[in-house]
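So the protein lines, in turn, are chains A, B and C.
Start counting the first sequence at 668; every next residue gets the next number (the working numbering).
Start counting the second sequence at 995; every next residue gets the next number (the working numbering).
Start counting the third sequence at 187; every next residue gets the next number (the working numbering).
Please keep in mind that the hints were generated in silico from the structure rather than gathered at the bench.
Where a beta carbon is used, it is the ideal one built from N, C-alpha and C, also for glycine.
Now the stretches of chain B that chain A is said to cover, found in silico as 3 or more residues with beta-carbon under 8 Å:
| # | region |
| --- | --- |
| 1 | 1002-1013 |
| 2 | 1135-1149 |
| 3 | 1243-1250 |
Simulated crosslink set (BS3-like; lysine-lysine; CA at most 25 Å straight-line):
| # | chain 1 | residue 1 | chain 2 | residue 2 |
| --- | --- | --- | --- | --- |
| 4 | C | K222 | C | K198 |
| 5 | B | K1120 | A | K752 |
| 6 | C | K390 | C | K281 |
| 7 | B | K1116 | C | K254 |
| 8 | A | K791 | A | K776 |
| 9 | B | K1046 | B | K1034 |
| 10 | B | K1059 | B | K1046 |
| 11 | B | K1116 | A | K752 |
| 12 | C | K302 | C | K281 |
| 13 | C | K325 | C | K281 |
| 14 | B | K1120 | C | K254 |
| 15 | C | K392 | C | K281 |
Just so you have them, the derived chain C footprint on chain B, three or more residues with Cβ under 8 Å:
| # | region |
| --- | --- |
| 16 | 1197-1205 |
| 17 | 1289-1296 |
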Amino acid sequence: MSEERTPQVPTEEGRQQTQEARGPALTPRGTPQAPPVRARAGDEIHPFPETAVGEGDVRNADAGPEAVRGTSLWSDAWRRLVRNKLAVFGMVVVGLIVVAVVVGPAIIKAATGYTYDYIPPDSKLVQSFPPFTAPDGTFSWAHPMGTDSAGRDMLARVLLGGRISLMVGIISTVVSLIIGISWGATAGYLGGKVDDVLMRIVDVLYAIPYMMIVIVLLAFFGAQSPLKQIFLLFAALGAVSWLTMARIVRGQIISLKNQEFVLAARAGGVSTAKIIFRHLVPNALGPVIVYATLTIPSVMLSEAFLSFLGLGVQAPYASWGSLAQDGIQNIAIFPWQLIFPGVTMALTLFSLNFLGDGLRDALDPQMRKF
Amino acid sequence: MFRFIVRRLIVTVPLVLIVISLTWGLIRLAPGNFYSTDKKLPPAIEKNIRAKYGLDQPWYVQYGKMMWNTVRLDFGNSLKYENETVNDILRRTLPVSATLGILAYLLALVVGVFFGTLAALKPNSKLDYVSMALAMLGISLPNFVLGPILVLLFSLSLYWLPPARWNGFPSWNLVLPVLTLSAIYMAYIARLTRAGMLEVLRSDYIRTARAKGLSERAVIVRHALRGGLLPVVSFTGPALAILISGTVVVERIFAMPGLGNYFINANLNRDEPLIIGIVAFVSIAVLIFNLLVDIAYAFIDPRIRY
Amino acid sequence: MSEQNGNLLSVKNLRTYFETEDGTVRAVDGISFDLKRGETLGIVGESGSGKSVTNLSIIRLIPSPPGKIVSGEVLFHGEDIMSLTQEEVRRIRGKRISMIFQDPMTSLNPFMRISKQLMEITELHLGHTREQAYEHAVKMLETVGIPEARARANDYPHEFSGGMRQRVMIAMALSCEPELLIADEPTTALDVTIQAQILELIRKLKEETGTSVILITHDLGVVAGMTDDIIVMYAGKIFEQAPTTELFAAPGNPYTKGLLKSVPDPADDEGAELYQIPGLPPDVAHLSPNQCPFAERCYRAEDICRREFPPFVQLNAEHFSLCHFAEEVYADSRAGRGDAPAGTTQGGDGR
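Bound-form chain A, shown alone (with noise of 0.2 Å):
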């Protein structure tokens, strides 16, 4: 019989929090009944992945006329979302920077025709000047950015490489998503001897100094051609991230699997795929969808470090990793070249992470802090 238990903080709202909704893989309030799964790679950015967005926070809905608001989970989530600023402000500057790089390279052509990789015929020009500067030391409104050392706008590079960076975290975490979530799906669903073979091999891999591989994979295979690079890079990133996504996945079907509305599916005769796709996935979906926003970040900043060490995307792509070690050269006399990437990469990378964080506190009520 499971009781309400009287919550530290009482049931501020009056809301049953049934404790069915919580399975073994969850950190209930207070200490864990089982030792805990201690953290690993990905979890250093939230300690506690397996809390479930269960069903716990929705009201009964077949009491009186009055008593009820049908708040559903995501309406609620979204309400948290926005309240909280930093989140906010990490929506709208990604935002911002994705409408800018997906539509700046055109504008900026269109006014003043430079694109990434003009570089101007008159041997003058190709020099790097600060920004806003004209050649004979004017103020001038063509290259906010300065340009680099071949005389290229830095602004257009700019996009470009957040055009290239930006595609390539949202790539890589797709691909992760796609395994991490089959596999991880596919072992809490199951259960049993394949759950633990399947977490097995996670548990391996996760030992595997995978950085490494990654850097003989591209420093071998790399010279090829600059977009199977970009192809590369897809793949050993998402490989390199898919582990934590399977094992949060796996965490979320256990804790859901038990629940009532399979069992109906399961009388009803839908078959396990099915079940594990369509019902348990958008259920698990919240953890997945927080864990994808953080990964995002993740991906872009080890590419970066691939492409700042040569490994990464080549010319002519750019991507903001490459654009830095195309700075640091002369980081003494053109500062700029590597500011401005790195202080976009930065701004970037900052919002996702606040979005991220917003996102959790927002699906997951538990970490609120009041």
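Using the hints, position chains B and C against chain A.
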């Protein structure tokens, strides 16, 4: 516990061998080779080179030889630095990387735990917001941006600190690289500490401790810290993984002759023995280190039974 | 240290509110009661009624954002706890007023040995040395019935079963022979058989030491055998207050009657439907001050219940009820009449 350790150690060996095999496979499968870059060598010379390095033998023979050597921890001579064995290079570079890494992590622990705990004790205060915002900055600012900015500021503008180069331990040359390397850890640890402490401070057993009449300081130090810092302890495992990539960048920027720097060079030079040697060494180190972390965890949390 | 009317504890008009996203939750909204030396008081109510908050407020353990003890006095031996400094309150906690909590699994520090958790209380409050504290701890463990106490004293909490852990909590609470023990749902998280043992233990210790006890629970069965007086709480208010036997024999409040009816009676026919008070617990963040909080669910409710806050009616010397129809309900109960809906006089089964 003993059986657990033994079991883990036994698993380590095949794991490392798999990683090595994978690495070797990647190297061999890749197009091109280490001895010629653009121009094609005359066939006679090429034949000699291949014979010298045993490249003319069937692949499984070469694989077997490589594995056998690896097991004996004899990686041979570097291809690029021909007078040195790989083990020599490892011996030379490890202290450099280790110094940077250990100093960076210690700094991060001290600063991170301190501010994280303070933030947890006064949630939503100015201190909390500022610390967490700075922590967020630490996570978002790539070290290859932070490093040069620090150099720009403290070396090239203020002339307080040397910009690069290894100068032994202790020396002022360590300050900027350690700071750069440490930033992201400080950030993670501060956030983890804050979250962990917040969680613990809300738990029932802290309420019991308060109900016993203990002073707030006793409650925090005697009761809350141990549970609250658990996430930080378990973070040390993955932290090492991040450290690897972090050290590589920092060593490049500050021209430090450490493992990371040599690893990148080895890759760029296609120096197979050196690559294999470093990968083997780092894999073993990581696995053993994770084992130590797990053991430490068991000491801290009495509920864990291996 | 003056004692007012022989009262050990006097709670006057306690109000504790919580600021949440949904608004201000008035968890405890004007509670007053007295407790004499050696008495056992039961506080009964559903989840969210405010019973736990009341008791946390007594020793000022309310987490301060978001909670706040807004007003009221808690006179312990005549001294108002609300006006003491933090330091002084700490000297009372654990020593003169102790508390045990509902969930022994999470209420003990999992990282610390039991012995140490016991020792720190007496080292702090009684000035014991390590050896003295240790001996005392073992003795307490024996008193609460832990088998092989000396051998097990250095174990960790997870090595004990649930019932044993609760015994350890009781040992901790009684270490300094407090004058008042507050037991917050001590048996809710335990098996039924263990429940009985724990309650028996509490009763025995109470008799041996003369400690006053406040026993909080939602389970009427628990209070029936243990308490001298009972307070029934709902929505942060006291709905009924009476000596135990009187409350069970002749309840004066529809809510109480509902609670009593909900207790399954073994004498009922097999297959008879279990009674449940209709509706849900109230939304304590949005209570209207101009109606009875129980009106929506009350069988006896009339128009006036939704328009006016009910009066706190004194039914006899020690029996009070918060209801517009307190006297009628009381009279019905005394006459053995069942629950009569509003507007009728007789009816229902005779009880």
